[in-house]
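Asks: Spelled out from the first residue to the last, the chains are:
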Amino acid sequence: MPNFITSYLGSKVTPGEAGNQFWALVYVFIIFAGVALTVMWLLNWIERKALAHFQVRLGPMRVGPHGLLQPFADALKLILKEDIIPTEADQFVFWVAPLIGLLASFTVYTVIPFGPSQAVSDMNIGILFMLGVSSLGVLGIVVAGWASNSHYPLIGALRSSAQMVSYEVAMGLAVISAILMTSMNASGTGTLSMLGIVRAQQQQGIWFIFKFFPLGLIAFVIFAIAMVAETNRTPFDLAEAESELTAGYHTEYSGLRWSLFMLAEYAAMIAVSSIAVALWIGGWMHPFPNLLSTPAWEFVFSLFPGLTFLGIAAIAFIGAARMPAHSFFKIQRIGLAVFAALLGFVALLLFVIAVAGRSADGSLAARFREGIDYLYWFLLKVAVFIYLFIWYRATWPRYRFDQLMRIGWKVMLPISLGVLMLTAIVGVIVS
Amino acid sequence: MNPALNTAVNAGMAPVGTPWFFYVLAGLAVASGAAVITRRNAVHSALALIVTLLSVAGLYLMLYAPFVAGVQIIVYAGGIMVLFLFVIMLVNIERASKDRRFNRIWPVGLAAACALLALFVSAFVKGKALFPERGMPLPESSNTQQIAAMLYGEAGRMGQYTFAFEIASLLLLVAILGAVIMTKKKI
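Line order of the protein sequences matches chains A and B.
Once you know that position 339 of the first sequence is 339 in the numbering used here, the rest is easy, because the numbers rise by one and skip nothing.
Once you know that position 130 of the second sequence is 130 in the numbering used here, the rest is easy, because the numbers rise by one and skip nothing.
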């Protein structure tokens, strides 16, 4: 057994490729816990704070310093709430609907390439699997709206299904044009595997967003719009338009079941952002991987994770120092200072690892450093997308349904078809 | 890398609990398939059909055909079934479920089912003579590329099924145009 556990530590492939079920399971648990905690705590807090600041409000301030513990209080409240199933609802389907969405959005994480070996598995059909499974998520929404046996949820569900089916087309075509770009190598064979797509960008020395400028950029923009529609976020959140449909498909849901819907939605946001990062923004690679890949530059880039944590720690320290001097704020001040100290300790740890593993000699420290680098750059890019999602929500008004359909079918579909054809033509001419 | 891991990597995708997965997936497919035709509620039938399609996708995966499994999920479970549900929700199910069924098509269904059963039985009995003992095991890691080579050809020559594939896609295009023209009187 110890041999089985340590067997993977020396490997440079994903647990799925190595056929190592133990490490695959460990990865699955890490990802599940990480995503659930990020969504529940960080995303929830950042979204509320950022939206509040966009609207010149303070946002949550009372539970913990600057409302940092507010998400935990909310989670506790949601868990303790009564679980209501309407009498006229279809009991079983009502019960199972949130789980469908949750399963769909978490299954996608098995193929997300956080790093060359930091993924649960590398499937030959990676991107196809991701698109397929994430499109199953809409079933949860549709079924929830129907099972509620109520008008607003049903309208929300109908809107959601129509919207998904329309935007999936443009999304798929944009993805295909990125897959076409992976075949621009000596053998002329492309790949659908997520790791393979990132490696293709590494080999060609260019992120696909810049390839065949502006074709890659247009495909990326199409995908970026479609992914907002796929996750039912503003400005495409017609399925839960609160000014028209109360809360849309989850009107009848309360307590824990409602929070499962939210968890699924946010997990899906991270998942589609990861697709965009892996397909167009170079996945786990740091900026300019083709020019700045000397050992000195590698060392500079490996300092970034520590610097980031140091920066957040500094912000937290400033926050603690700027707390009002009244004795009411004493506990909050101490709490924030401890939080800052913890972040500073993490930063110190990251610096130590960066310095200890700076020589790429395959030692344990070096592999640790590499893994942290991959994770950092991937997650940083995903975080930018998540912030964009929040930014959209604060900035744009909701589309009308006919506008939504017009954009999906009459604007995005022709453009993505055109980009696909042009990419193919340019690819043939170049190669 | 230690030797135990090396052998696992060299063996490609080492099968894990294969018979167990097969029986679970096959049982699930049959049970939910039965549910599709026995449920009176159309939405329940549709949900059971989704379970059937997904378990069949799992069976494709076990046959080392990941591309077909992915397409099964993306096209049938993700696309067509969403449209099915969309249409079912627009129909008044409560009234439809109380209506007496006026066309008796079950003899036809029974005949079709019997014919299919006969086909399966004959395949089971005569299969050894008809099919090769061992199918050519396509490597799982290049399944998609193999399909592409068959459909589109490689290195400048036409693939085995290019012509049939193009004809089929042309047929689909005609069907799409026909649907548009039938629903929109003036374009």
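Among the clues, some could well be false.
[As the list claims (entries may be wrong)] Quick list of simulated restraints, FRET-style, between CB atoms:
{"hint": "1", "chain 1": "B", "residue 1": "A112", "chain 2": "A", "residue 2": "A50", "range": "40 to 50 Å"}
{"hint": "2", "chain 1": "B", "residue 1": "G159", "chain 2": "A", "residue 2": "P414", "range": "48 to 58 Å"}
{"hint": "3", "chain 1": "B", "residue 1": "V75", "chain 2": "A", "residue 2": "V96", "range": "39 to 49 Å"}
{"hint": "4", "chain 1": "A", "residue 1": "A356", "chain 2": "B", "residue 2": "E166", "range": "53 to 63 Å"}
{"hint": "5", "chain 1": "A", "residue 1": "A52", "chain 2": "B", "residue 2": "I37", "range": "47 to 57 Å"}
If you're looking for bench data, these hints aren't it; they were derived computationally from the structure.
From the three backbone atoms N, C-alpha and C, an ideal C-beta is built for every residue, glycine too.
Asks: For each hint, tell me whether it holds in the structure or not.
Replies: Each hint, compared with the structure:
In this structure, A112 of chain B and A50 of chain A break the distance hint of 40 to 50 Å, their C-beta atoms being roughly 59 Å apart. Between G159 of chain B and P414 of chain A the beta carbon distance is about 29 Å. The supplied range of 48 to 58 Å is therefore violated. Our hint of 39 to 49 Å for V75 of chain B and V96 of chain A is violated, since their Cβ atoms are close to 23 Å apart. Between A356 of chain A and E166 of chain B the CB atoms are about 59 Å apart, so this pair conforms to the stated range of 53 to 63 Å.
Between A52 of chain A and I37 of chain B, the C-beta spacing of about 53 Å keeps the proposed range 47 to 57 Å intact.
Going down the numbered hints, you'll see the structure goes against 1, 2, 3, while the others check out.
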